[in-house]
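Enquirer: Fit the two chains together into the complex; they arrive one by one in their own frames, and the hints show the way.
Keeping their order, the protein sequence lines are chains H and C.
Mapping of the first sequence onto my numbering: position 90 corresponds to residue 90, and the numbering continues sequentially without gaps.
Mapping of the second sequence onto my numbering: position 165 corresponds to residue 1165, and the numbering continues sequentially without gaps.
Hints may be right or wrong, so weigh each one.
With a Cα cut of at most 30 Å, we get these calculated DSBU-like pairs of lysine-lysine [said to hold, decoys possible]:
id	chain 1	residue 1	chain 2	residue 2
1	H	K106	H	K63
2	H	K134	H	K63
3	H	K76	H	K240
4	H	K118	H	K7
5	H	K76	H	K106
6	H	K106	H	K134
7	H	K63	C	K1120
8	C	K1120	C	K1184
9	H	K112	H	K134
10	H	K76	H	K28
11	H	K76	H	K59
12	C	K1120	H	K7
13	C	K1120	H	K112
14	H	K76	C	K1051
15	H	K28	H	K134
16	H	K106	C	K1120
17	H	K7	H	K28
18	H	K76	C	K1120
19	H	K118	H	K134
20	H	K59	C	K1020
21	H	K106	H	K28
22	H	K134	C	K1212
23	H	K59	H	K112
24	H	K222	H	K203
25	C	K1120	H	K59
26	C	K1051	H	K106
27	H	K118	C	K1120
28	C	K1120	C	K1020
29	H	K7	H	K76
30	C	K1051	C	K1212
31	H	K76	H	K112
32	H	K59	H	K222
33	C	K1120	H	K134
34	H	K28	H	K222
35	H	K118	H	K106
36	H	K222	H	K63
I should point out that these hints are in silico values taken from the structure, not numbers from a laboratory.
So you can see what is in the structure, the chains are spelled out below.
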Amino acid sequence: MPMIEIKNVGKWYGEFQVLTDCTTQVEKGEVIVVCGPSGSGKSTLIKCVNGLEPFQQGKILVKGISVGAPATNLPKLRSQVGMVFQHFELFPHMSITENLTIGQIKVLGRNKDEATDKGLRLLDRVGLRAHAHKFPGELSGGQQQRVAIARALAMDPICMLFDEPTSALDPEMINEVLDVMVELVREGMTMMCVTHEMGFARKVANRVIFMDQGRIVEDAAKEDFFGTPRSERAQQFLSKILQH
Amino acid sequence: MLNLDFAFLTPEVLSSYVLKGFLFSLQLTVLAMLGGVALGTLLALMRLSSKPWLIMPAAAYVNTMRSIPLVMVILWFFLLIPLATGRPLGAETSAMITFTLFEAAYYSEIMRAGIQSIPKGQVAAGYALGMTYGQTMREVVLPQAFRNMLPVLLTQTIILFQDTSLVYAIGAYDLLKGFEIAGKNFNRPVETYLVAAVVYFVICFSLSMLVKQLQRRIAIIR
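Extracted from the complex, chain C is given alone in its bound form (with noise of 0.2 Å):
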């Protein structure tokens, strides 16, 4: 039988080695999400725009982040950074910069869904206003676009905060690490591993069940 004991896990222990940990993932959530709604905004505008010099790179760029594991990115980013500027950016710097490009190739997939689920006269209705491209895209497009797909951003964010336990592999302070510290600092590490799977699971089940509420709250317009 496994002999477990949490009696360790005291509240002192988990404020001082897993609530660093766990704001920094939620940091690196938030930032990743922000940055990577923004440029993968960009990014699907771009692919959706009929210049080729507009639609190739960015495709490539979706494409290669699409085709590369997570864990390559973060460790890449990590080590040749520093090579190329001559000197090193920090785990924690690298995940967020890291963590907001890779997740802007999904968003992008996300929002240019979103921006073709909108019917083409809106956008005609825009410009028979004397509206401009980018007055079309930000009053009339984009926030249909977002709204339509608000539940699939969030849920493509429950995914990039389980991702954020990838900083293992650059030795970034997260909510997993923090666990594992305190896991050998106590000689419990099945303890800790066990009870870190059960916060993990409890955040994003919970913020899943959020997301389906809201799902239901919000008609897709058309």
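In isolation and in its complexed conformation, chain H is listed as follows (with noise of 0.2 Å):
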């Protein structure tokens, strides 16, 4: 059974389609990369495997349970996926740890201090042991984004869904996330990652979902995509951000 299963999806913002016909799927361990030009849905389409972004067709199933049917129960499902957001959203009202111990605490059910615990070995893990006592607003871009990584492991989730995790960030802060990113994958976590960021795609993604206008154009082993993609416009896409 696939860990993702993306079938047929369709999605309307009143008579605009945002999403049309997609279909993939992640197995266990894999890496997957989505790509494409804004607007091109594929935020959107991340957004739906957890059920942020409800959908009008198509079914995404995750380890086999249906995010889109009204019996299933989105707030279990949701905790055992874990999600990274383009700006960081961590909750400014609480000090680093208690951004890494509210969900253990409130929706897993973890006592106080094995949650601290569980919250300050992710943190140690992330680099930013020392900073545990902070707020968020007193990091940088970066080092939030990985107390962003680290709440969402503390959950024990079974893949992680990036949507766009480094694009809100200076350049010189990009790397510390994604070494962050990399060490998961090493670790054999299973992730769909929307990013721009084809060097990390070259580097760990087994296969490239390039996205344009709610469609995917191009599902592929990531050699193919990098040495040949058929469509012409995932051609140009490439060839404008690989310019430089």
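Expert: Shown next, in the form of structure tokens:
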């Protein structure tokens, strides 16, 4: 059974169709990079995977559980799927430690000591142990994003979704976040990642999905995608972002 | 020339006439604030939901309350409740319920703005961790909304304190009433009303200075 199955998904904002007939899947341990021009629906698609965005057509299954089905316990499903956002979305009124423990305590029912212990271990892993007592506003963007990854990992997710995790960061902070993500890949985490970091895709992705105007135009193994992408649109896109 | 004489307003007179009224005004303000913020937050959440059957009654309630003069609400509630329940409620209790219900409409608009000031991504982050709607509101959105709106909520409470003087309409014993009775008994109404005005001014002005201080200290979280 694939970890994530996306079958013929269609989504509309009123009359406007944002996703058209999207189909793909992510196997356990696979790393999928989703790229495409802005407005191509890649962020929308990844938000559909954990039900943050509703969709009107098709099916998405996470470990066999249908995301869109009314009977599905969405909070429970989401607690197993880690998500990292473009703008970090740490909770600004909580300390870093509280950010790392709130989900564990309120959702997973862990006790405070256990949650703090786990949170601090993960903080150590992303190299920010010394900042545990601080508030998100006191950290740099790259540091905040690393905390956000640790926050998602604290829930022991079965897979991780990344929605443009580095596109709101200053250039010199991008690598510290990508390093953490590469480390995760090495540990075998299943990942679906919307990003324009083609270096990252080249290094760790198994497959690359290219989207344009709400459609999956290209869904190819990394070697094929960077070698000879079939669609003209993907070729144009690649030549533009790899130019410099 | 005005021939004013404040000599009769001794500490004994103040404590026997005014203190009781002051404590009631204070109690009314605090209770109506706590109850009003709680009910107002609920109304705000209803209006911000996606369900028409929650939005419509909350909107109707808020718009109605905000379109009627407070003094009429105070009067009508005081007169209508005995008719409906068959027994009088007492001016003080009636005032507390009325003020809570009335102020909730104003606090709900403040809380609505506060909740809307929190970026949607915060809600998404709460959901993504597996929190329910209730948990996301309680743990993530409302604490930030309260913090952002604290100066406005307190300013509304200062207005509420001034408005408590309207309970004169149903004869409740508040701060103003205390002065009024003292003035009648000593036949010095002008002096007592003057002092009453000064007392209201000092309380409200110093409170708004405090709110300004607070405002400077709390940076709005975005």
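Enquirer: Give a verdict on every hint.
Expert: Each hint, compared with the structure:
no.: 1; hint: H:K106 x H:K63; verdict: 23 Å, holds
no.: 2; hint: H:K134 x H:K63; verdict: 36 Å, violated
no.: 3; hint: H:K76 x H:K240; verdict: 41 Å, violated
no.: 4; hint: H:K118 x H:K7; verdict: 36 Å, violated
no.: 5; hint: H:K76 x H:K106; verdict: 12 Å, holds
no.: 6; hint: H:K106 x H:K134; verdict: 21 Å, holds
no.: 7; hint: H:K63 x C:K1120; verdict: 27 Å, holds
no.: 8; hint: C:K1120 x C:K1184; verdict: 58 Å, violated
no.: 9; hint: H:K112 x H:K134; verdict: 18 Å, holds
no.: 10; hint: H:K76 x H:K28; verdict: 19 Å, holds
no.: 11; hint: H:K76 x H:K59; verdict: 18 Å, holds
no.: 12; hint: C:K1120 x H:K7; verdict: 27 Å, holds
no.: 13; hint: C:K1120 x H:K112; verdict: 28 Å, holds
no.: 14; hint: H:K76 x C:K1051; verdict: 23 Å, holds
no.: 15; hint: H:K28 x H:K134; verdict: 35 Å, violated
no.: 16; hint: H:K106 x C:K1120; verdict: 20 Å, holds
no.: 17; hint: H:K7 x H:K28; verdict: 17 Å, holds
no.: 18; hint: H:K76 x C:K1120; verdict: 21 Å, holds
no.: 19; hint: H:K118 x H:K134; verdict: 17 Å, holds
no.: 20; hint: H:K59 x C:K1020; verdict: 67 Å, violated
no.: 21; hint: H:K106 x H:K28; verdict: 27 Å, holds
no.: 22; hint: H:K134 x C:K1212; verdict: 27 Å, holds
no.: 23; hint: H:K59 x H:K112; verdict: 37 Å, violated
no.: 24; hint: H:K222 x H:K203; verdict: 9 Å, holds
no.: 25; hint: C:K1120 x H:K59; verdict: 25 Å, holds
no.: 26; hint: C:K1051 x H:K106; verdict: 26 Å, holds
no.: 27; hint: H:K118 x C:K1120; verdict: 28 Å, holds
no.: 28; hint: C:K1120 x C:K1020; verdict: 48 Å, violated
no.: 29; hint: H:K7 x H:K76; verdict: 22 Å, holds
no.: 30; hint: C:K1051 x C:K1212; verdict: 38 Å, violated
no.: 31; hint: H:K76 x H:K112; verdict: 20 Å, holds
no.: 32; hint: H:K59 x H:K222; verdict: 25 Å, holds
no.: 33; hint: C:K1120 x H:K134; verdict: 23 Å, holds
no.: 34; hint: H:K28 x H:K222; verdict: 17 Å, holds
no.: 35; hint: H:K118 x H:K106; verdict: 15 Å, holds
no.: 36; hint: H:K222 x H:K63; verdict: 24 Å, holds
In the structure shown, a violation is registered for the earlier hints numbered 2, 3, 4, 8, 15, 20, 23, 28 and 30, in ascending order.
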